Amino acid sequence: MARIFFSLSDEWFLKIGAALPNQNYYPGADLQENGVGQVANFMADWKDNIADYSSGLKKPTSITMARVP
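Residues 1 to 69 (the working numbering) make up the sequence shown, in order.
Keep in mind the hints are simulated off the structure, nothing from the lab.
Model, not experiment: these values are computed from the prediction.
By construction, the Cβ of each residue, glycine as well, lies at the ideal position given by its N, Cα and C atoms.
Take the hints with a grain of salt, since some may be wrong.
Claimed, not checked - DSS-like mimics (lysine-lysine), calculated; alpha carbons at most 27 Å apart, straight line: (1) K15 with K47; (2) K59 with K47; (3) K47 with K58.
Unchecked claim - Label-pair ranges, simulated between beta-carbon atoms: (4) S62 with A18: 24 to 30 Å; (5) L8 with K58: 37 to 43 Å; (6) N24 with I50: 17 to 23 Å; (7) R67 with L8: 16 to 22 Å.
With the sequences and hints as input, model every part of the structure.
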């Protein structure tokens, strides 16, 4: 079985326009402080929890996100 020697941080995937790997791609070590898997974990948490928040909104709400190059 092959071992992952290093993992690219999420910014590399974002810079080249590649899809972010899912959480299973990353090794067992917690490397989020280094940017490895941070966006993938955020997206997974978002998908898991957004239903809890969207049903409680009283009026239409929009969210604006910006990316600084």
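Hint check results:
{"no.": "1", "hint": "K15 with K47", "verdict": "holds, 23 Å"}
{"no.": "2", "hint": "K59 with K47", "verdict": "holds, 21 Å"}
{"no.": "3", "hint": "K47 with K58", "verdict": "holds, 21 Å"}
{"no.": "4", "hint": "S62 with A18: 24 to 30 Å", "verdict": "holds, 28 Å"}
{"no.": "5", "hint": "L8 with K58: 37 to 43 Å", "verdict": "holds, 42 Å"}
{"no.": "6", "hint": "N24 with I50: 17 to 23 Å", "verdict": "holds, 21 Å"}
{"no.": "7", "hint": "R67 with L8: 16 to 22 Å", "verdict": "holds, 19 Å"}
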